[in-house]
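Can you make the complete structure from the sequences, with help from the hints?
Line by line, the protein sequences give chains A and B.
Once you know that position 160 of the first sequence is 470 in the numbering used here, the rest is easy, because the numbers rise by one and skip nothing.
Once you know that position 15 of the second sequence is 36 in the numbering used here, the rest is easy, because the numbers rise by one and skip nothing.
In case anyone wonders, no lab produced these hints; they're calculated from the structure.
Some hints here could point you the wrong way.
Below, computed lysine to any residue pairings styled on SDA-like, alpha-carbon distance capped at 20 Å [unchecked claim]:
hint: 1; chain 1: A; residue 1: 367; chain 2: A; residue 2: 315
hint: 2; chain 1: A; residue 1: 383; chain 2: B; residue 2: 118
hint: 3; chain 1: B; residue 1: 188; chain 2: A; residue 2: 400
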Amino acid sequence: MSIIQARHLTKNYGKKTVVDSLDFEIEQGKIVGLIGKNGAGKSSLLKMLTTYLIPHKGELKIADFDIYSEAPKIRKIIGYLPEKACVYPDMRVKEYLKFRARIKGIDNRDVNRAVSHVMEQCNLLPFSRHLIAHLSKGYTQRVGLADALIARPRLLLLDEPMSGFDPEQMQQMLLVIEKLKGDYTIILSSHNLEQVSAICDDFLVMDNGSLICQGSLEFLREQVKQVERVDIEIQHPLKSLKEQLKASPKVKQIQIIESTKNDWHHMRLYGYRNKTGLLDWCSQFIQKTAYPVRLLQEKEPSLDAVFSQLVESEKEPTKKPAKKSQPEKSS
Amino acid sequence: MPVFHALLKKEFRALSQAPATWVIWAVMMLGQGFCISSSLKVFQQQALIETVLFTSFNNQFFWFCYFILFPLLTMKLFAEEERLGTMESLLTAPINLSWILMSKFLAAYLWYLILWLPSVIAMIVISLTPSFKGVFLLEDVVAVYLLIGVMGISFVAWGCLCSSLSKHQVLAGIYCLLGLISHHFLGWTTHIWGNYFQASSFIDFLSSRWHIQVASQGLIAFDSWFYFVSCGLIILFITYYHLNLKRLKR
Numbered sequence: 311m312s313i314i315q316a317r318h319l320t321k322n323y324g325k326k327t328v329v330d331s332l333d334f335e336i337e338q339g340k341i342v343g344l345i346g347k348n349g350a351g352k353s354s355l356l357k358m359l360t361t362y363l364i365p366h367k368g369e370l371k372i373a374d375f376d377i378y379s380e381a382p383k384i385r386k387i388i389g390y391l392p393e394k395a396c397v398y399p400d401m402r403v404k405e406y407l408k409f410r411a412r413i414k415g416i417d418n419r420d421v422n423r424a425v426s427h428v429m430e431q432c433n434l435l436p437f438s439r440h441l442i443a444h445l446s447k448g449y450t451q452r453v454g455l456a457d458a459l460i461a462r463p464r465l466l467l468l469d470e471p472m473s474g475f476d477p478e479q480m481q482q483m484l485l486v487i488e489k490l491k492g493d494y495t496i497i498l499s500s501h502n503l504e505q506v507s508a509i510c511d512d513f514l515v516m517d518n519g520s521l522i523c524q525g526s527l528e529f530l531r532e533q534v535k536q537v538e539r540v541d542i543e544i545q546h547p548l549k550s551l552k553e554q555l556k557a558s559p560k561v562k563q564i565q566i567i568e569s570t571k572n573d574w575h576h577m578r579l580y581g582y583r584n585k586t587g588l589l590d591w592c593s594q595f596i597q598k599t600a601y602p603v604r605l606l607q608e609k610e611p612s613l614d615a616v617f618s619q620l621v622e623s624e625k626e627p628t629k630k631p632a633k634k635s636q637p638e639k640s641s
Numbered sequence: 022m023p024v025f026h027a028l029l030k031k032e033f034r035a036l037s038q039a040p041a042t043w044v045i046w047a048v049m050m051l052g053q054g055f056c057i058s059s060s061l062k063v064f065q066q067q068a069l070i071e072t073v074l075f076t077s078f079n080n081q082f083f084w085f086c087y088f089i090l091f092p093l094l095t096m097k098l099f100a101e102e103e104r105l106g107t108m109e110s111l112l113t114a115p116i117n118l119s120w121i122l123m124s125k126f127l128a129a130y131l132w133y134l135i136l137w138l139p140s141v142i143a144m145i146v147i148s149l150t151p152s153f154k155g156v157f158l159l160e161d162v163v164a165v166y167l168l169i170g171v172m173g174i175s176f177v178a179w180g181c182l183c184s185s186l187s188k189h190q191v192l193a194g195i196y197c198l199l200g201l202i203s204h205h206f207l208g209w210t211t212h213i214w215g216n217y218f219q220a221s222s223f224i225d226f227l228s229s230r231w232h233i234q235v236a237s238q239g240l241i242a243f244d245s246w247f248y249f250v251s252c253g254l255i256i257l258f259i260t261y262y263h264l265n266l267k268r269l270k271r
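Encoded structure:
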């Protein structure tokens, strides 16, 4: 059963289209990763789902409530954590959560219980009397998450909840979110596919306001198999080297890992798998040019590399892989 | 109603913790204390043409207090929410925009009334003190403070509107101050150019100075009440409309 149904959903900021005719459905109870680079339109899409932004075109239904005519009903069933948790710094954690519980319509008799429950869920109990202004970014974000959870929403929208976190904070936040699995439908936006792949069931990949790929982790892994990655350390002036590599239809993307003053470059090359492998092509290139080489190694591309490839191929329609959307399962 | 109560409580608390509120209170107490005591001193030394109440409310110190009160009390209301981004979290909660507006307005208005309380108490105490018997009539004091209360409706509403115009509270405060000064100086138009032109009485009526002068003579003027209450409601409606439009335009 779908909790979100979007048809031709479009949002413009002035003349700029930030969300461009999106069509998607999200099933109830799943954790969906909304992946895209900065400026891809993820936050605008989430803000439309919260009813904070009104779409310019298209249909959007959340739990069968229409966004245009039934926005207050939608706000009752969603919990939203913006990229930077918008909280009152001069309030104490418990006091803030009590205030949010009350304005979300929780009965006065249940407020204390609800606040204690979310503080426990988000590991905030030791900080209940702390001023929010005195909390670290990670804990402030947890206060925002606790706020989003307090009214036990059916749909939880988390906009880059781990942005700016160190690896430990990130891990802790992922654990907190993972614990919520099964109880809520969650949309988790991130620009890092690798980061959220462990906890998400499905993914929506966005670029430039458009949906470029939708499917499960397995489907994305299929995309990984279509991508080759070769690491190479080669000596030659960078500009000329890049021109030569770009000229080849085999090389789809070049990533410079490290460059030294004496023109040694550690590069990562990406290409789509076909008859001639990328590694074979690189060997031929080295033989032909006779540039000094220290390393030539084929590696399994990461999910983020696939995401980059998907984005790149979207910009070059002729190089686009044939299938991007997961076929629906036959019942 | 519990939701509105929670919003109102939060706004009231935010104002009570704002240093600006306490600064205004100090200035108000000093200013009003100075106005009343200097009027009484003059009353004791020489006969006054006007009443003590009239001179207490028609001097530059009173208007100075009045001008700084509204900007300092209201400039943070919406500007601070916009700056912190908390307006987004309020608007994604299941509450109406009108509740947000009314809670902010009412909290600021309640504080406005509280700020006048020391001066009301002082006036009552003086009017009941035997040595100052006859200086103020209690009915006159009631008339002037009722008008001050009613005037607050429109000026607090004006402050709310100014605060919704910018996310910089200082800028919001300046807008509010400019509006108040312009409104006040309407009352000086007839004083400067004379009241020979047709619209002079109408312009007098628009200014707050004229209404204070009437009320400080102990007259309860219901047309003044109607004027300030209706202005307040219109400004609140404009503020609501502006906030809603801003939300839709995002």
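Q) For which of the previously enumerated hints does the structure constitute a violation, in increasing order of number? A) none
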